[in-house]
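S.K.: Now for the letters of each chain:
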Amino acid sequence: MSIIVDPVQESSFEKPDRSQLWYRRLLANQQFLLLLVTIAIFVFFAFNRHVFASAGEFGNNVTNFCTLVLLGVGETYVIATGGIDLSVGSTVSLSGVVGAIAMEHLAMHSELLVLSVGTVVCIGIGILVGVVNSALIHYARLVPFVATLVTWGAGAGMCLVLTGGAPIGQNSGAIALTVPKIWIFSYPALIIIAITFVAGLFLHLSRFGRFTFAVGSNAFAARAVGINVKRQVTSVYVLSGALAGITGMFVYMRLGSGAPTAGTGQELIAIAAVVIGGARLTGGSARLSGTVIAAWMITIVSSGLIFMNVSPNYNQVAVALLIATAATAQALRKSARQSS
Amino acid sequence: MTSNSTPLYEVRSVSKNYGNVVALRNVSMSVGAGEIVGLVGDNGAGKSTLVKILSGVYSPDSGELLVEGVPHVWKSPHEAMAAGVETLYQDSGLALDLTIGANVFLGREKVKKGFLGKLGFLDQKAMDQEAADDLERTGIAVHASKRTVGQLSGGQRQAVAIGRAVAWAQKVIILDEPTNHLGARQAGEVLSVMKAAKARGLGVIFISHTLPHVLEVTDRIIVLRLGSVVRNAPTSEFTAESLLGTITGLHVGTE
Ligand SMILES: Nc1ncnc2c1ncn2[C@@H]1O[C@H](COP(=O)(O)OP(=O)(O)OP(=O)(O)O)[C@@H](O)[C@H]1O
Ligand SMILES: [Mg+2]
Numbered sequence: 352m353s354i355i356v357d358p359v360q361e362s363s364f365e366k367p368d369r370s371q372l373w374y375r376r377l378l379a380n381q382q383f384l385l386l387l388v389t390i391a392i393f394v395f396f397a398f399n400r401h402v403f404a405s406a407g408e409f410g411n412n413v414t415n416f417c418t419l420v421l422l423g424v425g426e427t428y429v430i431a432t433g434g435i436d437l438s439v440g441s442t443v444s445l446s447g448v449v450g451a452i453a454m455e456h457l458a459m460h461s462e463l464l465v466l467s468v469g470t471v472v473c474i475g476i477g478i479l480v481g482v483v484n485s486a487l488i489h490y491a492r493l494v495p496f497v498a499t500l501v502t503w504g505a506g507a508g509m510c511l512v513l514t515g516g517a518p519i520g521q522n523s524g525a526i527a528l529t530v531p532k533i534w535i536f537s538y539p540a541l542i543i544i545a546i547t548f549v550a551g552l553f554l555h556l557s558r559f560g561r562f563t564f565a566v567g568s569n570a571f572a573a574r575a576v577g578i579n580v581k582r583q584v585t586s587v588y589v590l591s592g593a594l595a596g597i598t599g600m601f602v603y604m605r606l607g608s609g610a611p612t613a614g615t616g617q618e619l620i621a622i623a624a625v626v627i628g629g630a631r632l633t634g635g636s637a638r639l640s641g642t643v644i645a646a647w648m649i650t651i652v653s654s655g656l657i658f659m660n661v662s663p664n665y666n667q668v669a670v671a672l673l674i675a676t677a678a679t680a681q682a683l684r685k686s687a688r689q690s691s
Numbered sequence: 017m018t019s020n021s022t023p024l025y026e027v028r029s030v031s032k033n034y035g036n037v038v039a040l041r042n043v044s045m046s047v048g049a050g051e052i053v054g055l056v057g058d059n060g061a062g063k064s065t066l067v068k069i070l071s072g073v074y075s076p077d078s079g080e081l082l083v084e085g086v087p088h089v090w091k092s093p094h095e096a097m098a099a100g101v102e103t104l105y106q107d108s109g110l111a112l113d114l115t116i117g118a119n120v121f122l123g124r125e126k127v128k129k130g131f132l133g134k135l136g137f138l139d140q141k142a143m144d145q146e147a148a149d150d151l152e153r154t155g156i157a158v159h160a161s162k163r164t165v166g167q168l169s170g171g172q173r174q175a176v177a178i179g180r181a182v183a184w185a186q187k188v189i190i191l192d193e194p195t196n197h198l199g200a201r202q203a204g205e206v207l208s209v210m211k212a213a214k215a216r217g218l219g220v221i222f223i224s225h226t227l228p229h230v231l232e233v234t235d236r237i238i239v240l241r242l243g244s245v246v247r248n249a250p251t252s253e254f255t256a257e258s259l260l261g262t263i264t265g266l267h268v269g270t271e
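Protein chains in written order, with the working numbering: chain A, 352 to 691; chain B, 17 to 271.
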């Protein structure tokens, strides 16, 4: 049997990996490092303000986390294909507003029915935005950045048109549902966490996830083996839109109304979470666990700063610092790996 | 020898333009079972374009493709693969961020049994194992199917791509400059892989600029120049000089 890949060379490739100590391997794992840093940040805040470690504050953080994490999940899928979705923040607002209008019309009915219809409407709006995004990409031939910039602007504008700038509705029953019921979790929060978990399984263990990465890694190769690249790209934008719609419903419940600016700026924080989580913006490489840890990190930094009496205006500066640190660490680790 | 009358895979009068560029003009060629056909020509002669038509990446502007005498129109490369035509592309058909195992099974993933499989969950273990076996059977030893292809050397990547094509090919295997990036010894191994494929009864189309390789391994040579076939003859009719002359068109002598 002839051998092409030189076995000697091959095993010298392997050796450093095998002989590496377990803790060195862990430290080489970006998601693990991120987790360590996040725990350190938490300990720092908790040490300075003990109430930060209380169950009540944990619950608040979980709720805040739930307004972000699904956007990060959708963005992770999109970025894995080499795209970007700038529209998710607007979609949160738009779906919340349209959902609120629908729910106002149904106000006479049972709360369960009202909220169910609201959820369906929100997800529907999100899917619609995703379909428009992929139509702009495939038929108008816009690059994802421009396509989703268009829907970002259109969505934000529609929110103002529909509301005249004021929030719609006043649903205290919805607000009550976002209060923690099981330890630090509300029911909607549990649903969002479950969705996140399932999305992670699908991204990393299923054919759908495999195709997502293949498209982002080498679209030509993906097409050549029969992967429907267009359909895959469409699916991830629709998924991202749908998750933004669910987030829109959650934010509506939290506020008890559909606010035209409910999701403003969230797209950048979601993208930040994906980048801090270790994904490559050019596609082909991402870890959902990284995105989730980063979303939690951003959440506790934002609330921790408030506890430390730092003006909330510094929030974005802090997120910017996190991005810079994460990106630099990534670049340094990469160059260290290449030179070793 | 088995099918003198109907070739395994044939193209008839295929033409292809890219805008104003005429890449192929009325090209006809064929490959039989157990035959290695060399496709040679200068840079830009149209070899890769012909490959992409044969593999279903492009559809020709005019002309016909026939598999065992039956006309086929490929709507996608997948259809050509399903019909038994495997292709190694010059501009790598591998996804560098995916593992070796994932690349070998790309587009043909194995899923788990039962409900999880219906949801599309992958049987990665089985694929890694089979990928390693497949590659080894074609003469390529790659131990760690779990490494991403991006972590391999250029030659190792090429080996994986060749192994994938050979492992899946049912009828025809098209190799566009497979010895690129390879050292002399590994290039020799690729030639043996081709001979083994021929022995299995596959039709092999071999594109290369390394003329000694072409002369060594092929049964027949087709010379493309500026998108047209200028010579299609058994390898025994060529010498190194006459082949080079035919390719460049600077050849004077034979009529
Ligand atoms: N996608 C494309 N768009 C436009 N023109 C193209 C494209 N691909 C190839 N061509 C042109 O078609 C002609 C044939 O190219 P092709 O790649 O088939 O040549 P080749 O014989 O494979 O060359 P090489 O030996 O350099 O690989 C060239 O003139 C090339 O510039
Ligand atoms: Mg070529």
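There may be inaccurate statements among the hints.
[To be verified] Computed cross-link-like contacts, DSS-like style, restricted to lysine-lysine with a CA-CA straight-line distance of at most 25 Å: (1) B:K187 - A:K581; (2) B:K134 - A:K581; (3) A:K685 - B:K162; (4) B:K91 - B:K187; (5) B:K91 - A:K581.
Rather than coming from a laboratory, the hints here were simulated on the basis of the structure.
S.K.: It remains to establish, for every hint, whether it holds in the given structure.
M.R.: Evaluation of the provided hints:
1. Among the hinted pairs, K187 (chain B) with K581 (chain A) is inconsistent with the structure: their alpha-carbon atoms are about 29 Å apart, more than 25 Å.
2. For the hint pairing K134 (chain B) with K581 (chain A), the CA-to-CA distance comes to about 22 Å; that is within 25 Å, so the pair holds.
3. Distance check on the hinted pair: K685 (chain A) and K162 (chain B) sit about 19 Å apart at the alpha-carbon level, within 25 Å; holds.
4. Between the alpha carbons of K91 (chain B) and K187 (chain B) the distance comes to roughly 19 Å, so the proposed pair stays at or under 25 Å and holds.
5. This hinted pair checks out: K91 (chain B) and K581 (chain A) have alpha carbons roughly 15 Å apart, not beyond 25 Å.
In this structure, the one hint that does not hold is number 1.
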